[in-house]
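**Student:** The chain contents come next:
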Amino acid sequence: MTAYFISLILIGIPICWVEWTLGRYGGQKGLNSSPGILGYVAGHPAGRYLGVLGVIVPVIIYMYYVYIEAWCLGYAVNFTIGTFQDLNKDGLPVGELVPLYGDFFDHFVGATKDGSAVGFSVQQVGVFLLIVFLLNFVLIYRGLSKGIEWFCRYAMPALVVLAVVILLRVLTLGTPDPAKPNQNIINGLGYMWNPTQVVLQEAEPVDDGAVAWKDLEVVVGAESIEASKARVSESDGGLRIVEKSMFSQLANPLLWLAAAGQIFFSLSVGFGVIITYASYLTEKDDVVLSGLSASSANEFCEVALGGLISIPAAYVFLGAAGVAGMGTFGLGFNVLPLVFSQMPAGNLFGAIFFFLLFLAAVTSSLSMLQPGIAFLEEVLPINRKQSVALLGLVTSLGCIFIVYVSEGVKALDTVDFWVGTFCLFVLATIQVILFGWVLGVDKGFKEMEKGAELKLPGFMKIMIKYVSPAYLLIIFGMFVLQNVLGFDFSTFSFGADGPTYYVKDLIGWEGHPPNQAARMSVLLIAVVILFITILVAGSGDQLNRKTEQEKNV
Amino acid sequence: MTASGWIIMVGSVGLVTAVFIVCLYKVLTGGNAAEHMHGLEQEPPDAKQE
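Just so you know, the sequences run in chain order A and B. Here my numbering is used: the first residue of the first sequence is 1, the next is one more, and so on. Here my numbering is used: the first residue of the second sequence is 1001, the next is one more, and so on.
Among these hints, one or two may not hold up.
With a Cα cut of at most 30 angstroms, we get these calculated DSS-like pairs of lysine-lysine [to be verified]:
id, chain 1, residue 1, chain 2, residue 2
1, B, Lys1026, A, Lys465
2, A, Lys443, A, Lys465
3, B, Lys1026, A, Lys443
4, A, Lys443, A, Lys29
5, A, Lys229, A, Lys244
6, A, Lys450, B, Lys1026
7, A, Lys455, B, Lys1026
8, A, Lys284, A, Lys455
9, A, Lys180, A, Lys214
10, B, Lys1026, A, Lys284
11, B, Lys1026, A, Lys461
12, A, Lys504, A, Lys214
13, A, Lys446, B, Lys1026
Restraint ranges, calculated between C-beta atoms of paired labels, are given here [to be verified]:
id, chain 1, residue 1, chain 2, residue 2, range
14, B, Tyr1025, A, Ala212, 49 to 55 angstroms
15, B, Trp1006, A, Ala324, 58 to 64 angstroms
16, B, Trp1006, A, Glu223, 14 to 20 angstroms
17, A, Glu234, B, Leu1024, 51 to 57 angstroms
Derived from the structure by calculation, the hints contain no laboratory data. The beta-carbon is built from N, C-alpha and C at its ideal position, and this holds for glycine as well.
Construct the entire structure; sequences and hints are all you get.
**Tutor:** As structure tokens, then:
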């Protein structure tokens, strides 16, 4: 959480303001797409190619976001028709429910086998995906998104109230499984918030008789630590317990990359969405308070509600090893049904919660389509409806691939890392450098403060010009060294572990053969990048003309 | 949960809650501030034209 908060202050909020400002600045010149706006700000056609990321990120994220949106709708329906109640009809102890709900999730999303999600049973995601995909395009094609936004004015506060109710239930869970007294809510909170971690490690022999220590699990609570010490003394040197201080944890660049990626994803920074929507604003509009309010509301929901619900509850039900082994996306869908099973009228709460979550997701996915639509309208001689149809074709092909290659949700995981984390990071870096060093931080701040209720302190200029870009570039450099080239910062040498598994999946590694699903996923990303780049290359004159027309008005 | 864990949790949750409340206050009491604020919910001009 420390890396998360540092990232929020040093890069999240400053770059959020940068993206709002760049968008409005470009919009005043008649440009609405990221390639158009960044090309104009850079004052060079190369800027347009940098802006390609601002189109591919929302378009590709949309391809798997609708898949997750379909999970929400499917869970809402299954709560409504009593599927989860049936799984728990014998009033099983929570320890026996964990694998049942886990199996339901794996079957529902198709994690067991490629193609197994594609089906029309209510316990498979396929039918819900079809509904969600059609709903998104009908809403945007017929211009009905305003109606759903009106509904969400009431639905989203209701979701927050419901989240507070769920939070209260989680904080009063105590020790739901008496057979596992260590898995209680206080230890769950400690697992998430303790700055110093106690970690149980296992010895693994490497070359030359040396030993490498691998983390087994984080140990929280006095009783768990005593139990782990007993295991260590019985292990004959095969196990050990170490304390990892906050500073040693912060030395891992992947942690910072993940923290930055999480911040960017949740604030929609480096996403290409804000820059397009901000391009429709006027000088009277307040980008500073808009950006800060959106960020603070999001952080409140993420830290004070979502964070206090999902991870502590996951620790209580699954234990430390279970939390560590679960991907980001699976966590809520595995854990929340367990929380609802421990609540009175849990089925009703589950149905309402997942339906409201589904509505929130629909508003996000609709916003992800707009950058692609604006881009196609800008570079091709087509209108909005034609743009929607073309975008629908492109995204449906990508979505079919991601949903079909569902074993271990490998395609989703790969695309999420390379686009939803890596590309977001790169685009945010490009934007902050263009703002601070090409547009100029003084001119940029003048632009930002037009119509602003809040006056930004002077140190924000230093932050945006020096601190944020340096921070991003250092993390990026360390990430490439450690996770792509396999450099070990603890020994300052190229270690035996090699790069992160996202890279090993692509190039193969000793004991880790290349993964064809991951390779095909990266090929999908490459094809979309190529498609958008060709459109940008062929549209140079059109973008120039549009800018010139605006200048002459 | 250690004492430092409690401090970090209360500090973090308190910080985000306080900033959220300040923003709500600014929006609700800032005259016509709300009229000049936008999220990603606005209807784009190209949709209005059709």
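**Student:** Can you give the numbers of the hints that this structure goes against, from lowest to highest?
**Tutor:** 15
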